[in-house]
Amino acid sequence: MNDADTTRELTDPTDVTSTVAGPGRLASSSRPAPSRFSMRLLLERYLLVGVWIALVILLGLTQPDSFLTSTAIQVIFGASAVYVVLGLAAMCTTLVGEIDLAVPFIMGLAATSVPVLVSKMGFSVLAACAVALVLSAVAGLINGLLIVKVGVDAFIVTLASGTILLGLAGGMSHQVPVSGLPPEFSQVAISKFIGLPAFTWYGFILAIVGAYVLAFTPLGRDIAFVGANREVSRLAGIRVDTVRLFAYVLGSLLAGIAGVLLVAQLGGFEASTSGSYLLPTFAVLFLSAAVVRPGRFTPIGLLIAVYFIATGNLGIQLFGYSGWPQQLFYGGSLVAAVTAVHIVRRKSSTF
Amino acid sequence: MSENGDRDAGQQIRLRVGGLSKRFGPNLALDGVSLDVRRGEVYGLIGQNGSGKSTLTKVLAGYHVPEPDGTVEIDGTALRMPPRPKELLSAGIAFVHQDLGLLDHMTVMDNICVGNLEASRILRRVQWAREAERARRVLAGLRVDIDPARLAGDLGAEERAIVAIARGLLRLPPSGGLIVLDEATRALPEHSLAEVHRVMREIAHQGGSVVLVSHNLDEVMAVTDRVAVFRDGRVVTAGLETTSTDKRELARMMLGYDVRDDEFHVAGVADDVRPTLSIRSLAGRQIESLDLEVKPGEIVGITGLNGSGFEDLPALLSGAAPSSGHLQIRGRAIPPGKRSIRAMLGAGVVVIPERRERDGLAFDMTVEDNITFPRLHTRGTPWFVGNKWRREEAGWVVDLLDVRPRDPSLLVRQLSGGNQQKVLLGKWLASKPDLMVLHEPTQAVDVGARRDILEAVHSAAQSGVAVVIASAEIGDLAAICHRVIIMRAGRAAALQQRPTRDEILRELHTDAMSDQPTATSNAEEGTA
Numbered sequence: 001m002n003d004a005d006t007t008r009e010l011t012d013p014t015d016v017t018s019t020v021a022g023p024g025r026l027a028s029s030s031r032p033a034p035s036r037f038s039m040r041l042l043l044e045r046y047l048l049v050g051v052w053i054a055l056v057i058l059l060g061l062t063q064p065d066s067f068l069t070s071t072a073i074q075v076i077f078g079a080s081a082v083y084v085v086l087g088l089a090a091m092c093t094t095l096v097g098e099i100d101l102a103v104p105f106i107m108g109l110a111a112t113s114v115p116v117l118v119s120k121m122g123f124s125v126l127a128a129c130a131v132a133l134v135l136s137a138v139a140g141l142i143n144g145l146l147i148v149k150v151g152v153d154a155f156i157v158t159l160a161s162g163t164i165l166l167g168l169a170g171g172m173s174h175q176v177p178v179s180g181l182p183p184e185f186s187q188v189a190i191s192k193f194i195g196l197p198a199f200t201w202y203g204f205i206l207a208i209v210g211a212y213v214l215a216f217t218p219l220g221r222d223i224a225f226v227g228a229n230r231e232v233s234r235l236a237g238i239r240v241d242t243v244r245l246f247a248y249v250l251g252s253l254l255a256g257i258a259g260v261l262l263v264a265q266l267g268g269f270e271a272s273t274s275g276s277y278l279l280p281t282f283a284v285l286f287l288s289a290a291v292v293r294p295g296r297f298t299p300i301g302l303l304i305a306v307y308f309i310a311t312g313n314l315g316i317q318l319f320g321y322s323g324w325p326q327q328l329f330y331g332g333s334l335v336a337a338v339t340a341v342h343i344v345r346r347k348s349s350t351f
Numbered sequence: 001m002s003e004n005g006d007r008d009a010g011q012q013i014r015l016r017v018g019g020l021s022k023r024f025g026p027n028l029a030l031d032g033v034s035l036d037v038r039r040g041e042v043y044g045l046i047g048q049n050g051s052g053k054s055t056l057t058k059v060l061a062g063y064h065v066p067e068p069d070g071t072v073e074i075d076g077t078a079l080r081m082p083p084r085p086k087e088l089l090s091a092g093i094a095f096v097h098q099d100l101g102l103l104d105h106m107t108v109m110d111n112i113c114v115g116n117l118e119a120s121r122i123l124r125r126v127q128w129a130r131e132a133e134r135a136r137r138v139l140a141g142l143r144v145d146i147d148p149a150r151l152a153g154d155l156g157a158e159e160r161a162i163v164a165i166a167r168g169l170l171r172l173p174p175s176g177g178l179i180v181l182d183e184a185t186r187a188l189p190e191h192s193l194a195e196v197h198r199v200m201r202e203i204a205h206q207g208g209s210v211v212l213v214s215h216n217l218d219e220v221m222a223v224t225d226r227v228a229v230f231r232d233g234r235v236v237t238a239g240l241e242t243t244s245t246d247k248r249e250l251a252r253m254m255l256g257y258d259v260r261d262d263e264f265h266v267a268g269v270a271d272d273v274r275p276t277l278s279i280r281s282l283a284g285r286q287i288e289s290l291d292l293e294v295k296p297g298e299i300v301g302i303t304g305l306n307g308s309g310f311e312d313l314p315a316l317l318s319g320a321a322p323s324s325g326h327l328q329i330r331g332r333a334i335p336p337g338k339r340s341i342r343a344m345l346g347a348g349v350v351v352i353p354e355r356r357e358r359d360g361l362a363f364d365m366t367v368e369d370n371i372t373f374p375r376l377h378t379r380g381t382p383w384f385v386g387n388k389w390r391r392e393e394a395g396w397v398v399d400l401l402d403v404r405p406r407d408p409s410l411l412v413r414q415l416s417g418g419n420q421q422k423v424l425l426g427k428w429l430a431s432k433p434d435l436m437v438l439h440e441p442t443q444a445v446d447v448g449a450r451r452d453i454l455e456a457v458h459s460a461a462q463s464g465v466a467v468v469i470a471s472a473e474i475g476d477l478a479a480i481c482h483r484v485i486i487m488r489a490g491r492a493a494a495l496q497q498r499p500t501r502d503e504i505l506r507e508l509h510t511d512a513m514s515d516q517p518t519a520t521s522n523a524e525e526g527t528a
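In order, the protein sequence lines correspond to chains W and Y. In this text, residue positions in the first sequence follow the working numbering: the first is 1, and each later residue adds one. In this text, residue positions in the second sequence follow the working numbering: the first is 1, and each later residue adds one.
It should be emphasised that the hints constitute simulated quantities derived from the structure, not laboratory data. Ideal Cβ placement from N, Cα and C applies to all residues, glycine included. One or more hints might be untrue.
[As the list claims (entries may be wrong)] A few chain Y residues that face chain W, going by a derived Cβ cut-off under 8 Å, partial list only: (1) Arg342; (2) Leu345; (3) Pro353; (4) Leu361; (5) Ala362; (6) Asp364; (7) Pro374; (8) His377; (9) Phe384.
Working from the sequences, and respecting the hints, build out all of it.
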């Protein structure tokens with residue numbers, strides 16, 4: 001209240017020093033900085049978090065026996081870990097104003113090639129993982145070169161290359177599920193640490209590192225500027241094309257890591273399921289732009305988005321549904337969250 | 001036209017605005033605004049960026065919803081707020097916005113008639129012959145000779161503005177209505193303004209009312225009958241007869257304080273100092289060959305008509321466009337193949353580009369982010385950009401250039417144009433450059449911001465920065481430059497020491513008629 005009163009006093013137009021001779025530059029004559037904390041800002045940033053908490057409370061009250069169990073927590077955090085890594089992979093390119101639809105297919109290729117190399121070609125697990133990651137990075141490099149150096153449309157290039165990779169993975173595995181990995185390998189993804197599977201922790205760590213790099217390092221600020229305005233960045237001496245190329249390679253490498261971890265978690269992989277990861281990946285990615293810093297893709301926002309969706313999905317299952325209601329939930333929450341943020345933001349105007 | 005007594009002026013009022021307010025959060029963008037616009041007059045709305053004049057036009061256009069207590073009347077009838085497009089049409093109000101909104105690949109006729117096509121009675125078919133006739137009639141009514149079949153993209157600047165005005169007129173009742181030109185003349189070069197002004201006078205002469213929102217005091221003095229001056233959301237003076245005032249008084253009312261004379265003390269430059277910038281036979285884009293030396297502390301202006309090449313110098317000096325010829329910065333030669341953006345920045349050359357939103361600033365990032373962006377790698381460590389220096393630097397720029405609001409955490413998009421330009425200038429001033437190249441630094445900024453910008457450039461020069469200003473705003477060049485180069489056909493055509501505005505203007509236009517050899521030899525004399 002006190003705060004609001006001082007603000008009003010300062011904005012009172014009668015206070016403006018209209019009689020001051022010379023350039024009236026007294027601090028009091030300028031518009032005061034608007035207060036940084038407001039209900040609107042809170043709503044704009046944490047609406048989704050609020051809805052998530054409401055969802056948890058709702059499920060806790062209605063389904064206490066099944067929801068408030070460690071199994072439920074395992075399901076929420078374990079099964080969705082792959083979307084954290086995939087979402088980060090896709091975010092690498094969207095941050096610099098690009099798009100990479102090949103991300104889930106690169107993951108699929110990595111997840112297929114590890115068991116194929118180990119069980120059919122006698123590679124050691126370590127070598128197979130290395131090959132899978134190299135393949136992923138090369139796929140990203142080829143996409144990046146076509147898009148950045150040749151100038152072909154990113155949407156088309158990555159859609160096409162994603163389809164090619166899907167085909168390659170299918171051919172490599174003869175269209176059947178592949179497995180045959182040593183059981184110790186699965187520990188990489190599923191061994192527990194403070195009650196949560198390792199895969200979940202990798203996702204946390206990657207998101208936190210990503211958030212730090214973006215917010216606090218010169219590289220992260222460069223990336224944000226390249227995404228915000230390419231020409232301004234170029235004229236400030238940023239190697240814009242290198243940053244864009246790097247984004248494709250890093251995104252693809254992360255997709256490869258997601259693939260290796262996923263096949264470790266599942267014990268095997270069927271190449272043809274790669275496509276089913278496409279829509280959820282982009283749904284959580286765009287949902288991430290509706291939290292923390294609306295309009296911007298943020299790794300922390302991605303974590304929130306992924307676990308919000310996972311909680312909702314589990315809730316739907318607990319109520320005895322599966323399949324199509326989950327799809328309604330994915331699409332519905334994405335549209336609802338983005339619309340809500342858009343409406344809240346429109347209320348804030350310019351000076 | 002406006003010589004009516006107070007009593008019978010009552011019936012002559014076309015637009016009456018009474019006590020109109022508009023609040024954005026805690027800020028009153030419009031605060032009890034009242035004014036009357038008569039039939040048959042050109043009425044100017046002037047004020048600095050953010051003073052409320054554009055907010056008023058946006059309220060009239062139905063884009064903003066005003067506070068409930070204000071009124072708007074057209075010809076004595078209240079207009080519902082916010083009006084619907086149909087209601088504006090039947091009230092006879094049309095708007096021409098600053099981007100004009102022409103479709104370049106369509107003809108003049110299409111542009112004038114778009115949204116107004118009349119369909120035939122039975123087949124609902126567009127009758128193109130009739131449409132062409134309507135377009136021709138509107139243009140003829142303005143006594144202009146533009147072929148309706150030409151493509152809008154092929155028109156000159158003044159013809160484009162006139163076509164946009166004609167499109168507005170098509171919607172208005174004959175010999176009446178109100179047309180609001182919201183900065184629609186701002187992109188026009190000085191020599192094109194006269195014809196557009198004649199068209200405005202013609203509309204007023206036929207009984208229409210024209211509201212002209214403008215930054216340009218010369219224009220307001222030249223074409224309007226009366227003006228309203230806005231400051232901080234309020235009308236300082238409404239209905240002021242233009243003939244009874246002058247530019248200086250208007251500027252004083254806009255700013256709330258007196259503008260000092262538009263002259264800077266231009267200090268002498270030592271002769272024996274090594275030049276910061278030295279170019280010989282520089283060529284690239286439209287520049288065929290240019291010689292130039294700029295010493296520390298010296299401000300050199302470069303201007304010309306459109307297409308003369310002066311507008312390409314910033315791109316060549318920034319490294320954004322390739323160039324040939326000799327180029328030295330502080331005695332160190334930079335060969336043609338090595339003139340990358342990074343190399344030029346590394347040599348201490350900064351360029352303030354013309355197009356703020358495209359090339360200058362990231363509008364959706366904060367003021368602080370934008371200001372500190374070029375120095376993240378030099379002042380931060382690879383693992384931490386650092387916050388203290390960024391806060392200090394942003395604060396320094398905000399203080400130096402009087403950026404308002406004084407909050408570096410705002411998005412650049414939230415600032416007015418003049419303040420955005422200050423942020424852009426500050427972003428590069430903070431790099432402590434050796435050579436600063438400015439491209440149209442005061443384009444579309446108000447009087448107060450222009451003063452602040454020129455002052456900052458002037459004091460940078462006094463601290464030893466060499467400055468090049470490429471600009472068509474010859475008033476700026478006359479105010480602060482030691483020398484002004486006038487270019488023609490890619491070459492320096494003349495060079496003037498401390499010229500006045502009129503001297504530059506004369507050179508610009510007489511020179512266009514003189515023959516080339518004379519002009520070139522003149523230049524060689526000058527730069528020698």
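Taking the hints in turn, this is what the structure says about them:
Proximity of Y:Arg342 to chain W holds as hinted, the smallest CB-CB distance being about 5 Å (cut-off 8 Å). For Y:Leu345, the interface hint holds, the least distance from its beta-carbon to any beta-carbon of chain W being 5 Å, beneath 8 Å. At its closest, the beta carbon of Y:Pro353 sits 7 Å from a beta carbon of chain W; the interface hint therefore holds under the 8 Å criterion. Because the beta carbon of Y:Leu361 sits about 6 Å from the nearest beta carbon in chain W, less than 8 Å, this interface hint is met.
With a least beta-carbon distance of about 4 Å to chain W, the hint placing Y:Ala362 at the interface is held under the 8 Å criterion. The closest approach between the C-beta of Y:Asp364 and any C-beta of chain W is roughly 5 Å, which is under the 8 Å cut-off, so the hint is satisfied. The beta carbon of Y:Pro374 comes within 5 Å of a beta carbon in chain W, closer than 8 Å, and the hint placing it at the interface holds. Because the closest C-beta pair between Y:His377 and chain W is about 5 Å apart, less than 8 Å, the hint holds.
Interface hint at Y:Phe384: satisfied, since its Cβ lies 6 Å from the closest Cβ of chain W, which is below the 8 Å cut-off.
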